[in-house]
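Just need the whole structure built from these sequences, with the hints factored in.
Protein chains: 2
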Amino acid sequence: MSIKLWANSGDSHFVEPPDLFDQNLPKDLAARMPQSVKDPDGEYETVTVDGQSFRRKMPRMDTGGARRSLTADEFLDAKRLEGESLTRGAAGNGWDVQARLADLDGEGIWAELVFPSLGIWSFNIRDPKLAVAGCQTMNDWAMSIQRQSPRIVATASLPLLDVNDTVAEVRRAADLGFKAGFLPVRPPVSRPGWSSDEWDPLWDAFVEVGMVVAFHIGTEPHTPDQRTGVYHTGRGGAVLNYTETTFGGQRAICQMVASGALDTRPDLRVMVSEGGSGWIPFIADRLDEAYRQHSAAVRPRLTRPPGETLYQQVYASFQHDHRSSVIALTAAGYRNTVWGSDYPHFEGTFGHTQKTLHELFDDVPAEESRRIRIGAFQEMFPHVPDPPADGSEPE
Amino acid sequence: MSIKLWANSGDSHFVEPPDLFDQNLPKDLAARMPQSVKDPDGEYETVTVDGQSFRRKMPRMDTGGARRSLTADEFLDAKRLEGESLTRGAAGNGWDVQARLADLDGEGIWAELVFPSLGIWSFNIRDPKLAVAGCQTMNDWAMSIQRQSPRIVATASLPLLDVNDTVAEVRRAADLGFKAGFLPVRPPVSRPGWSSDEWDPLWDAFVEVGMVVAFHIGTEPHTPDQRTGVYHTGRGGAVLNYTETTFGGQRAICQMVASGALDTRPDLRVMVSEGGSGWIPFIADRLDEAYRQHSAAVRPRLTRPPGETLYQQVYASFQHDHRSSVIALTAAGYRNTVWGSDYPHFEGTFGHTQKTLHELFDDVPAEESRRIRIGAFQEMFPHVPDPPADGSEPE
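Residue numbers (the numbering used here), protein chains in the order written: chain A, 1078 to 1472; chain B, 1078 to 1472.
Keep in mind that the hints were calculated from the coordinates and are not lab data. The structure presented is a predicted model; accordingly, all values stated were derived computationally and were not measured. All C-beta atoms in this analysis are idealised placements derived from N, C-alpha and C, irrespective of residue type, glycine included. Just so you know, not all the hints are guaranteed correct.
As the list claims (entries may be wrong) - Chain B stretches covered by chain A per the calculated footprint, using a threshold of three residues with CB under 8 Å from any CB of chain A:
1. 1100 to 1112
2. 1197 to 1203
3. 1307 to 1317
4. 1323 to 1331
5. 1356 to 1364
6. 1401 to 1410
Structure (structure tokens):
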């Protein structure tokens, strides 16, 4: 039996209590915050947000290649029936911190950067006041979780309809103890893209309070007549739609690099979660080629080649990538590749984390292995304590 | 002085004679084929196609980092004034084959996969008969060029409004001597995406005649109210728009892999030009993760993991990528990475090809260097003769 490897996760999720908004907001506001109602057969859910209604197919997983489909709940039940020690409470409910940590200990996951679940939908809110009230509620709750363990690094939700509100909530979040702010890969539909100078006060605020900008893929806001995350239908649709999600994260990062938002703020750090890390060396090359070969059309001029800024200020997490994301460091010199579990989501490694970590790292030199599993994460969040030594258990 | 390195180019372009359609088509058809009229100040061109009109900003280039902008013509004039031996005729006019080959000899480029220039606009044609007539005219002309040198591998333009027309032109092109057929990264706006089973007869035809499917990035057809290739405006726009072009090529390839079009046709080879090669190991990882983690939703099932199919049947070309596209082979085992010059375009290496080749390959083992510069191209096009030995000139 190989020894237990420990890793920090740059990509994990809370699942908020269903009564979070009812308990903490006036009734008229609570009713307009994101809510999910699942169909009786579990195949679709309907999410309502601020008077809009979105339909979404529920994720499913089969058991090791079999054709039979399982819902998320059925999958977890099947695992329990097989005698595996999944802590259903933690996987299903992010607010039971002790159960969550037991899950993490079992998997060999130490600290986590944790994103909201329902909160992702809050980027579709159209009323600035509702956005502020909703984010404050989510952040107060997330902080109550983070305070229970130094292994949990929560991301602050931010109201994006008025940049003054965004800046105010960044400052409030920093005072509460947040070390990272969560942004969708594309701003709300009424707002300009991340390359716009309208966001400069936000980047200044992140630098001022020393928080990390944390993008999560698959978070594009949209109108109710666009299906969530469905870009491709027909043959190969499921594979294509998941693959497609990386492009939104890459685009957000390119906007921050090409616009000069990072070049002019060398202390600003940006993380993109679940989009993989293996694309970074390639996009660095492509940005540099664009900057040099189309130089006459390039505005603004930058003080460093854009690929260099990407390498220095951007961090990116992957789960399984065995061909690309580790060699991004070992062969292409990109030091900020971060591993992520995506716990408790189905793209993630829950149930096979140790197998995945050994496959990824057994042939990688110790320094590089530790950098990806532990060091790059700690560079962003130096307050997080070291994990147990590989092969040992938490005290 | 370092020795001359030779390379085949997986990405080059013809510039068609301005009177091509007038000379070869009835007047009423010729008038509807793509035509470009430049503004007097050279900043914009207006392209008219089949009753539609598109505005496009002309590419510009400055002289080595200076802020002064030059048009393409001014840039070439400046190079000549500096005493450099550019063959203006070849760079400007693809139909002067001897001048073109003199340029290539000077650069150290041996054989080329050559795409049309104006022909790219033909994907916006809406009349199937016009599409057929236009493609036949372009192909007859391109073949008259290819016949002048075994170093020129022309790509056949294909009418895409009726798949029966597409198949017929693939067969006619193969009979003429074409070894590759040119496709845009997205079909015309009235047609389904490349994952649709409506294209299966086309893939069967490519296998039947033994031709390579050749995608070129930046070829998305669009409606006249969408600006060509302009996805981003404002800060960083030029860098973002060039960077963005790779995603269209990646998406087309993913559609062919995830739909099973390649899995069921193991002899079908696909090339994507100018989109880089460094993304292949990463997208292979992501396709495999999607296929495995979302397996319950995946249709069709494939006989091989999609990443394996991508590695085996897809070829991809890059120009300058010093971080990613060479290590795609040397570190990530992707054998089908192909170098490309993009001659005579501005993203390309014209004027600095030897410098680029030495920077890319001086530290790469001989076998891998030769595979990228020469071997992968010859695997697709085995009729192409070997280049001169490195360090020597053509006989």
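How the hints compare with the structure:
Counting residues of the stretch 1100 to 1112 of chain B whose CB lies closer than 8 Å to any CB of chain A gives 0, which falls below the minimum of 3, so the coverage claim is violated. Counting residues of the stretch 1197 to 1203 of chain B whose CB lies closer than 8 Å to any CB of chain A gives 0, which falls below the minimum of 3, so the coverage claim is violated. Only when three residues or more bring their CB closer than 8 Å to a CB of chain A does the claim for the stretch 1307 to 1317 of chain B stand; here the count is 8, and the claim holds. With 5 residues having a Cβ less than 8 Å from any Cβ of chain A, the stretch 1323 to 1331 of chain B passes the three-residue criterion, so the hint holds.
A stretch counts as covered by a chain when three or more of its residues have a beta carbon under 8 Å from one of that chain; for the stretch 1356 to 1364 of chain B and chain A the count is 8, and the coverage holds. Remark: the stretch 1401 to 1410 of chain B is confirmed as covered by chain A, as 7 of its residues place a Cβ nearer than 8 Å to a Cβ of that chain, reaching the required three.
The structure is inconsistent with the numbered hints 1, 2, although it conforms to all the rest.
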